[in-house]
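Colleague: Use these hints to put chains B, C and D onto chain A, whose structure you have.
Line order of the protein sequences matches chains A, B, C and D.
In case it helps, the numbering used here puts the first sequence at residues 18 to 251.
In case it helps, the numbering used here puts the second sequence at residues 18 to 251.
In case it helps, the numbering used here puts the third sequence at residues 18 to 251.
In case it helps, the numbering used here puts the fourth sequence at residues 18 to 251.
Hints are computed from structural coordinates only; laboratory data are not their basis.
The model shown is predicted, which means the values in this text are computed figures rather than measured ones.
Any given hint might turn out to be false.
If chains are identical, the list can't say which one is meant, so a pair holds when it fits in one copy or spans any two.
[As the list claims (entries may be wrong)] Calculated cross-link-like contacts (lysine-lysine; reagent style BS3-like; alpha-carbon spacing at most 25 Å):
no.	residue 1	residue 2
1	Lys-250	Lys-133
2	Lys-21	Lys-41
3	Lys-186	Lys-222
4	Lys-235	Lys-250
There are 4 protein chains.
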Amino acid sequence: MDNKVCVIIGFGPGLGTAYAETFKNAGYDLALLSRSGVGLRELEGADNSVRAYECDAGDSESLRTALKSVQNEIGEIDVVIYNADLAQFGPIEDVTEIQFEQSWRVGALGLFTTAKLLGPQMSERGSGAIVISGATAALRGNVWTTAFAPSKSAQRTLANSLAKQLGPKGVHVAYLVIDGVIDTEDTRANFAPNEPDEFFINPAKIAETALMLVKQDKSAWTFELDIRPFGEKW
Amino acid sequence: MDNKVCVIIGFGPGLGTAYAETFKNAGYDLALLSRSGVGLRELEGADNSVRAYECDAGDSESLRTALKSVQNEIGEIDVVIYNADLAQFGPIEDVTEIQFEQSWRVGALGLFTTAKLLGPQMSERGSGAIVISGATAALRGNVWTTAFAPSKSAQRTLANSLAKQLGPKGVHVAYLVIDGVIDTEDTRANFAPNEPDEFFINPAKIAETALMLVKQDKSAWTFELDIRPFGEKW
Amino acid sequence: MDNKVCVIIGFGPGLGTAYAETFKNAGYDLALLSRSGVGLRELEGADNSVRAYECDAGDSESLRTALKSVQNEIGEIDVVIYNADLAQFGPIEDVTEIQFEQSWRVGALGLFTTAKLLGPQMSERGSGAIVISGATAALRGNVWTTAFAPSKSAQRTLANSLAKQLGPKGVHVAYLVIDGVIDTEDTRANFAPNEPDEFFINPAKIAETALMLVKQDKSAWTFELDIRPFGEKW
Amino acid sequence: MDNKVCVIIGFGPGLGTAYAETFKNAGYDLALLSRSGVGLRELEGADNSVRAYECDAGDSESLRTALKSVQNEIGEIDVVIYNADLAQFGPIEDVTEIQFEQSWRVGALGLFTTAKLLGPQMSERGSGAIVISGATAALRGNVWTTAFAPSKSAQRTLANSLAKQLGPKGVHVAYLVIDGVIDTEDTRANFAPNEPDEFFINPAKIAETALMLVKQDKSAWTFELDIRPFGEKW
Numbered sequence: 018m019d020n021k022v023c024v025i026i027g028f029g030p031g032l033g034t035a036y037a038e039t040f041k042n043a044g045y046d047l048a049l050l051s052r053s054g055v056g057l058r059e060l061e062g063a064d065n066s067v068r069a070y071e072c073d074a075g076d077s078e079s080l081r082t083a084l085k086s087v088q089n090e091i092g093e094i095d096v097v098i099y100n101a102d103l104a105q106f107g108p109i110e111d112v113t114e115i116q117f118e119q120s121w122r123v124g125a126l127g128l129f130t131t132a133k134l135l136g137p138q139m140s141e142r143g144s145g146a147i148v149i150s151g152a153t154a155a156l157r158g159n160v161w162t163t164a165f166a167p168s169k170s171a172q173r174t175l176a177n178s179l180a181k182q183l184g185p186k187g188v189h190v191a192y193l194v195i196d197g198v199i200d201t202e203d204t205r206a207n208f209a210p211n212e213p214d215e216f217f218i219n220p221a222k223i224a225e226t227a228l229m230l231v232k233q234d235k236s237a238w239t240f241e242l243d244i245r246p247f248g249e250k251w
Numbered sequence: 018m019d020n021k022v023c024v025i026i027g028f029g030p031g032l033g034t035a036y037a038e039t040f041k042n043a044g045y046d047l048a049l050l051s052r053s054g055v056g057l058r059e060l061e062g063a064d065n066s067v068r069a070y071e072c073d074a075g076d077s078e079s080l081r082t083a084l085k086s087v088q089n090e091i092g093e094i095d096v097v098i099y100n101a102d103l104a105q106f107g108p109i110e111d112v113t114e115i116q117f118e119q120s121w122r123v124g125a126l127g128l129f130t131t132a133k134l135l136g137p138q139m140s141e142r143g144s145g146a147i148v149i150s151g152a153t154a155a156l157r158g159n160v161w162t163t164a165f166a167p168s169k170s171a172q173r174t175l176a177n178s179l180a181k182q183l184g185p186k187g188v189h190v191a192y193l194v195i196d197g198v199i200d201t202e203d204t205r206a207n208f209a210p211n212e213p214d215e216f217f218i219n220p221a222k223i224a225e226t227a228l229m230l231v232k233q234d235k236s237a238w239t240f241e242l243d244i245r246p247f248g249e250k251w
Numbered sequence: 018m019d020n021k022v023c024v025i026i027g028f029g030p031g032l033g034t035a036y037a038e039t040f041k042n043a044g045y046d047l048a049l050l051s052r053s054g055v056g057l058r059e060l061e062g063a064d065n066s067v068r069a070y071e072c073d074a075g076d077s078e079s080l081r082t083a084l085k086s087v088q089n090e091i092g093e094i095d096v097v098i099y100n101a102d103l104a105q106f107g108p109i110e111d112v113t114e115i116q117f118e119q120s121w122r123v124g125a126l127g128l129f130t131t132a133k134l135l136g137p138q139m140s141e142r143g144s145g146a147i148v149i150s151g152a153t154a155a156l157r158g159n160v161w162t163t164a165f166a167p168s169k170s171a172q173r174t175l176a177n178s179l180a181k182q183l184g185p186k187g188v189h190v191a192y193l194v195i196d197g198v199i200d201t202e203d204t205r206a207n208f209a210p211n212e213p214d215e216f217f218i219n220p221a222k223i224a225e226t227a228l229m230l231v232k233q234d235k236s237a238w239t240f241e242l243d244i245r246p247f248g249e250k251w
Numbered sequence: 018m019d020n021k022v023c024v025i026i027g028f029g030p031g032l033g034t035a036y037a038e039t040f041k042n043a044g045y046d047l048a049l050l051s052r053s054g055v056g057l058r059e060l061e062g063a064d065n066s067v068r069a070y071e072c073d074a075g076d077s078e079s080l081r082t083a084l085k086s087v088q089n090e091i092g093e094i095d096v097v098i099y100n101a102d103l104a105q106f107g108p109i110e111d112v113t114e115i116q117f118e119q120s121w122r123v124g125a126l127g128l129f130t131t132a133k134l135l136g137p138q139m140s141e142r143g144s145g146a147i148v149i150s151g152a153t154a155a156l157r158g159n160v161w162t163t164a165f166a167p168s169k170s171a172q173r174t175l176a177n178s179l180a181k182q183l184g185p186k187g188v189h190v191a192y193l194v195i196d197g198v199i200d201t202e203d204t205r206a207n208f209a210p211n212e213p214d215e216f217f218i219n220p221a222k223i224a225e226t227a228l229m230l231v232k233q234d235k236s237a238w239t240f241e242l243d244i245r246p247f248g249e250k251w
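The following block holds chain A by itself, in its conformation from the complex (with noise of 0.2 Å):
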């Protein structure tokens, strides 16, 4: 198999298929690591270039058994697009525990368990690639973020602090902070639901800058930047 690998963990529709459909254009080989465990039906062929893996990114054991499947049955991950997310919201009073240390497992640990497989890794063979969608929260709490900005911003810093490391290894760390809402059938429905089209993030888009920083020159690479419809109020 000559084709680059990529895989996305937290694939779902929205975001996750957007990412598919451009690296699986770009023409890698895609692995689909979902909860559910569901692929992108139209993309999956007899040719096996695309499939799908059940896993909970926030198990690390769970993780690393999928990141593994998919070196043994694909080959050498070149590019790791982390989008697992739990989209937890509230104030202090509606937030339990184990719903804050899930958002946590989920946004940072996650990324921390696949860093800690592949990065020395692709650190050996001095290159690879890892992007991350965050989000503004990363940068700022806020008072219905009391689990998704300890979550997004340990999971930036993480990153910051990967990017540091694996950098002059030739791997690229990035950091997608996503400012807005992207469209999809759910956000559409339950978040936005009188909003113009010009108030959402396409998707697509996204993922072709996503697919800019992977194919930047190491000699001038981005770790960080923002995403958000012309639009926004921000």
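Modeller: Chains B, C and D alone, transformed into the frame defined by chain A:
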């Protein structure tokens, strides 16, 4: 009992002791929480104004039990100094998943548990303060802060979220970005054996600034400030 | 004359007056610099411990002349409160090049002129403090801060540069990120006519925090802190 | 003339030339503005698709005149690359008031002048992009950035303010935080004579990222990103 009550979570030599002495001198009754349950011998006396409690700040059940004992035995808690910290340093090869998790438990989950219990009570009384011993690692990751930066940044954005939730209810949450090596026997011996006095932060002076924050009038509260010795390169 | 000398650059009603009263009460002799040259009638007395000087902080020659007069007439300057500001707001269509420049002159160039003159002198004496009234606009731009944000951010990074240059020589530079509307007759009438008391920052409390910074021990200096009223949404 | 027009303000060897080549290859007609008025010989041809203009970006009148000449001679401006910069370094003793001012004029006032003229026109057309060559000094001051940091931070918050004003009107403003030494004959000789290739940022790769930003779909715009070589310590 008429004195105000100050709980120091993560009591120990160095900064913990400095907080204890400073708040004791300012007239507070003290509850000193530490894993060893050791108190501050010279401060403890027949009047019960200083008591020690054994608890693990990274274990929610243990921490909650200790805080409830404080409330039963001393009274309502007016001030929390959150000083618990697991100073775990190293690149990702040297940090285990357990260390990464434990670092987060002590730094971030313990603060969540504390605020979940005391935040609503303080809000109801319309007063109270939670001051956190933070670090520059809360703002960015570095090669050797694989575990520390994610723990401190989660702590900081949680504090930020709490400040925005509890501030309007009269509860002051403040975060100290301590940037430098605190002067203790341990740090003198192990971290910076050949440094002059001016290299170190005097812990008593950090405690003074913490007390000042607790005394700030609510029309002009500070959420965050940095503290470093004048000779520090930053 | 044995008292320490505090110069307030940008004296006026509101925060300027609060600084004057607070530092006067703390035993400082005062030099009050303002465009009108008006002093603080109730503080001025026969003892010459409070004097007013007319100068334009945005005009280097005028500012330098005033500072030298202070040194000649009162003595060496121990503390500078840099409070000069041109609160010029509006989108780019409404801001002229002259306003954009003037905003920078008063906010940033005046601080440069002050530090250029006094920094080396304070460094030589190994003591001194420069405290700057800053704003959240120093950190980010907004629709209506076309002129204000560039002026305040230039001021803040200049202060940051000065802190790193002068700190090791014993001179304390500190930046107040004032986030909210200061309670004055003018702001009550023009900016926030219908707001309750708790909406406003009490200027006397900002001045108290400034005094605390000036008194900080040099083993634990703060460069930057934010100040806002407890009820503020941020 | 059917090509889109890109103006490079602060054309010169190194990054300016890299921008010119990249945007020329992408099909843009170019206007190259520099103090010397020198163009890019190898790109200029009989077809007038590359023209050079003499102007001082720090002199509003001169800059405005040049931009109007571009509009008259080439056509409406679609893309502005703001690359003007006065790399003035040193502690406060070594920086004159005139250098401090000049640094701000070229870095911040020139961007204001440009946006004041072109922002409303781009807004009316509902399209356009302004990309700024920024620096890490925009975020913090350092010992040797007495003049540079205030200039770059003013530039950055002005860009941020413009992004929020012009974004909703379809005009994309983006800020490149360039963190490292750009590979040019001059920097090789004077700043880093003994560094290996991997120490430097390849200017062509910065220009590629700038072009990518200009091409971003408006549903997912980036305001800010950092760029540094993979071997950089940061």
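Colleague: Taking the hints in turn, state whether each one holds.
Modeller: We went through each hint and held it up to the structure:
With identical chains, the CA atoms of Lys-250 and Lys-133 are at most 25 Å apart between copies only, with a shortest distance of 21 Å across copies and 38 Å within one. When the C-alpha separation of Lys-21 and Lys-41 is checked against a cutoff of 25 Å, the pair qualifies only within one copy, where the shortest distance is 10 Å, while the shortest distance between copies is 32 Å. With identical chains, the CA atoms of Lys-186 and Lys-222 are at most 25 Å apart between copies only, with a shortest distance of 19 Å across copies and 29 Å within one. Only between protomers do Lys-235 and Lys-250 lie at most 25 Å apart by alpha-carbon distance; the minimum there is 14 Å, versus 33 Å within a single protomer.
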